[in-house]
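Next come the chains, spelled out residue by residue.
Protein chains: 2
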Amino acid sequence: MAKDLAHKKVTVHFNPDNVDIVVAKGENLLQAAIAAGVRLHASCGGSGTCGTCKVVIEKGDAETTRTTRISDEEYGRGVRQACQTRVLTDLTVYVPVESRLERAIVAREGKNVSAALATGWRFKPPLSKFYLELPPPTMTDNASDLSRLLRGLKQQYKLKNVGVDFDILKTLPGIVRRKNWRVTVTLLTTAVREGRKDDGRRLRIVNVEPGDTRERHYALAFDIGTTTVCGQLLDLNKGKILADSIEFNGQIPYGQDVITRIAQAQKPGGLKKLQTAVIDTINKVIDNLLAKSQVNLKDIGHMTLAGNTTMTELLLGVDPQYIRLAPYIPAANFFPPVEVRSLGIHLRKGALIFVFPAVSSYVGGDIVSGVIGTGMYQRNKLTFFLDIGTNGEIVIGNSDWLVTASCSAGPAFEGGGIRHGIVATDGAIEDFDIDEKTYEPKIGVIGKSKPKGICGSGLINTIARMMEAGVITRNGKFQHNLPTKRIRTGEDGYEYVMAWAPDTQIGRDIVLTEIDIENLIRAKAAMYAGCQTLSKSVGTSCAAFDQVIIAGAFGSHLNIKSAITIGLLPELPEDRFIFVGNGSLLGARLVSFSTDLLDDSRRIAAMMTNIELSDSADFMDSYTAAMFLPHTHADVFPEVTRKLSERQKNTGKRK
Amino acid sequence: MAKDLAHKKVTVHFNPDNVDIVVAKGENLLQAAIAAGVRLHASCGGSGTCGTCKVVIEKGDAETTRTTRISDEEYGRGVRQACQTRVLTDLTVYVPVESRLERAIVAREGKNVSAALATGWRFKPPLSKFYLELPPPTMTDNASDLSRLLRGLKQQYKLKNVGVDFDILKTLPGIVRRKNWRVTVTLLTTAVREGRKDDGRRLRIVNVEPGDTRERHYALAFDIGTTTVCGQLLDLNKGKILADSIEFNGQIPYGQDVITRIAQAQKPGGLKKLQTAVIDTINKVIDNLLAKSQVNLKDIGHMTLAGNTTMTELLLGVDPQYIRLAPYIPAANFFPPVEVRSLGIHLRKGALIFVFPAVSSYVGGDIVSGVIGTGMYQRNKLTFFLDIGTNGEIVIGNSDWLVTASCSAGPAFEGGGIRHGIVATDGAIEDFDIDEKTYEPKIGVIGKSKPKGICGSGLINTIARMMEAGVITRNGKFQHNLPTKRIRTGEDGYEYVMAWAPDTQIGRDIVLTEIDIENLIRAKAAMYAGCQTLSKSVGTSCAAFDQVIIAGAFGSHLNIKSAITIGLLPELPEDRFIFVGNGSLLGARLVSFSTDLLDDSRRIAAMMTNIELSDSADFMDSYTAAMFLPHTHADVFPEVTRKLSERQKNTGKRK
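As they're listed, the protein sequences go chains A and B. So the first sequence is residues 347 to 1001, counted in this note's numbering. So the second sequence is residues 347 to 1001, counted in this note's numbering.
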């Protein structure tokens, strides 16, 4: 049938975006939305199983394959899964707010970051500029242009054994003569044996420009996340951030998580499509950065890039298929510098990308970058590093050893798998208090608007506060006999109404369900059990940490007290916790400033011991024990347990 | 006018090739010939000044710009310069034998080459293959594919600190698993600091193949000459030549000499055109080599390439313009390894080209290659190396020092600038004797056919013999009062008829003119004066050479005695002379077999001192003195002079 329709064109109009797209009759509606630039969730990559891409067909005919994700009521209202729908006539489609892919607030940076920053590195970017005034050639001094350049570097800067990129030579004669033998040479410094400082340095000419261009010397640092791509433009003379920008990863339509994307990459042409999608995003971020600054593209000499292993391999066009199959093997742990143009990134020809090395399939360059950026590998202090994102990765160690693991926390901390969960954006419920008599809530919403959902940190605050108020029991169930109509029976069992329909942006009650609570408990249990298992494997315990560094989506918006109350973070004095925001971007930036740290990254990645939790009986025990609020074993959260018990007693007395 | 005609098509038929080509009305006839694959001389690059591209218009109309190169008689016969002619109607064009570009005989290899070959090198190609049987990964042994490979190299072959080409990683997961973790890894070995042996080696993975492919391990060696491109296919396991092939350099239509080609490269798009032309030739030679052997293209791992500085820069797409402008500066003396695909060469992606370093604009990688291949830089013996081609380059030295110069000998030794000069191909007069009574010649022709011209070695033999026979005086003039009708007055003064028209292939008398003799004297004088100047500059003399190595177009076909008689080669015992044929190809081949020699090439190029003769008063004096047969100063050719005087006396007595 699609065959018959393929030559006929129809128009799809998307609201509230108010954009049109012309497509062939029979086109998939999710693909039409992607083409129109309308961003939808599509967690499962278009297989129809997740139900996150729901839209409402307001006008026109479409053919759909109905799944259990669409209730009868929804079906009656014209709600369809975009990925399961084919366009038959001109359509008007409404995209509800909960199906829209929205951007987390950019400004979620860390606080007190300076307390956890790598130290002891020299400000020495991998690329450095040298200005030369060369004597013009004569019949007696007739060295080649290249030899003259190398001689100049030796005489004026004592630089010897300098190599050269082949492409430089092609235009060298014109360039050296353009400003009468005054040129600026850009040199790349690398360790002879990558990751070994003591073997001396290798220098290579990667750019030659007429005249003195030393003033203009920039680089880019990037974090390539599964959900978002963040970039910073750096001034290499001043060691400063000039601009930053964030965009959704263009791969989202191919699936919300790395596993789905790897599966998509196995389809014919799939790897190329996924690669192009993220490269397009990177180019868009670069455009944003240039638009925000006075910087010329040609003055950007290099790019450092950190991402999880799957993102890194997809970006580089490396076959990722064995990442998702036991025993979970990535193609490589480290990557040589790559020329931007070979990937389609719109920077100066010859500009290089330094890619952070990975530890394993599920502990990637983003974590190594965080470890480098926070300098935890440099200190004697026993540090617990956790990066909370779609996945949770943890590292424990000090300057002598580092162990790491990936915890399949699931997306709950980012609002995934939560009925009204959304990313931390305008309209997200972030703060929560409850009147312990009336059980009426007091919510704090990002942007002070009406709420449209709950973000991860809001969820943690809400559950912690409900635990204290006795609304949620320690096994994560609602006290359903409380005198409030906010606790009611919904389709997923008991639920608590956070906001009534008229007080919301979405026109429906925003609720917290017992399933939501269970999902959050699973997530926090995975993180905490990971921490315990890892600690135990090196003969220590969560109580021994001198420092806890929190990186990831929460920025500094995670309430430490709440996180301890629910049993996500170990019970330690609050001053031991440090937020670093995007640790991956932090490390990428510092490495752009210092070859010392670039060298370290390879060495540290190789030194980090990966513990495979999915294979560990210890982990399964710890996980089961952690499926309680805050924990089955009162002794690991003594203070929280004591307070909760006390309250319970008091409440009991009051009654 | 061309504008009006551009949309009309006409057909040009070339004889005796019997090929048609359809072109736009108004098309240049030389371009039409190139497009039709008809090879014409075009020494001046199509500017109309050389007159080597003459053709006969047999039928149809063409518009021509007449130059002084076309005599009235020729014009009447329909002779036109193809480069000055535009096609107006369908044409039939005859290409006379003297305008055809023909190939010198391939087999012009050296003899006794083994007496002058580099020694002391280990058979150790820059690329080597290692077979690995790796343990499959498990949950506990979950190193990345790359790490597993590196671990295998370390455990099985004690190879450490091995790097990797980025492109390898893209397909590595599939490749290691295809034959159950049995793979063959190809490693590239380079010196850490190129040209310094003592700094240790750098190893890099440049290819990984499933299974055991060690049996199939090949390389290519190329000499890129201004006129011809020679290639050899090498078996790196056996150290043997499997096939060789030679083709005209596709740049010839853009000019016969390097200066003309550089000028052409300055036109818009010119550099790209010239680059493409020679790359096409290289690809053709590769096709020939593969067709001659059972070798699969993907099993060729690298290519070593030697050429003069201009050929090297044009091939690499490097701007060559300052090579032809005083003070004659090339873009670079050395070139980093280049990926074949970046140049458009049809080898396996990632295969590398090693390009020989140059000394100066006019002493190129071909000479360095000759010096390396003949091992003259390794011996105590004082060696004189000369490469006679379109240009003549000379090197004097030993293991301690090397001086070099380029002599603008002109193309006489290759038959250029000689009325009936042709390259050494079938129909070329190569041997000559003369009856000292009748002055009738006895000629030896390559291929035993009727003659169609004289090649360079034939010219030297002819003039030497005529000197002995008293037909040519010591200032290069004919004894025009001899009793023979073979000496007559032609358009260029006196000339000697080597063959009467009916006895030739070209249907016209083949003659040797006084202008021809003068051109040859200029050429030999430049070579000899260069040798003298260079010797003097280092405090030695031509009489002191322990060894004379002759490379270049002559192969082993240069008659040493004749060459000494005319004063081209220094008067030394004949056993000191060694022919090596194509020295450039010889060096390229040996370097393919040994990284030791590859390292040496960069070091030796830097050690060779270039003397600029065009700037030297000494050279001008020597040159003037050498404009005599054999030389103005009898003492530098004592034996030749004695014999000639004796003969003269005897002849005088006989008379």
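Think of the hints as simulated: they come from the structure by calculation, not from any bench. A hint or two may mislead.
Note that identical chains are pooled: a pair holds if it fits in a single copy or bridges any two copies.
Unchecked claim - Calculated cross-link-like contacts (lysine-lysine; reagent style DSBU-like; alpha-carbon spacing at most 30 Å): (1) K796 x K831; (2) K470 x K727; (3) K618 x K695; (4) K525 x K613.
Here's how the hints hold up against the structure:
1. K796 x K831: within (21 Å within a copy, 117 Å between copies)
2. K470 x K727: within (27 Å within a copy, 51 Å between copies)
3. K618 x K695: both (21 Å within a copy, 18 Å between copies)
4. K525 x K613: Cα proximity of K525 and K613: across copies only (23 Å, versus 53 Å in one copy).
The structure shown violates none of the earlier numbered hints.
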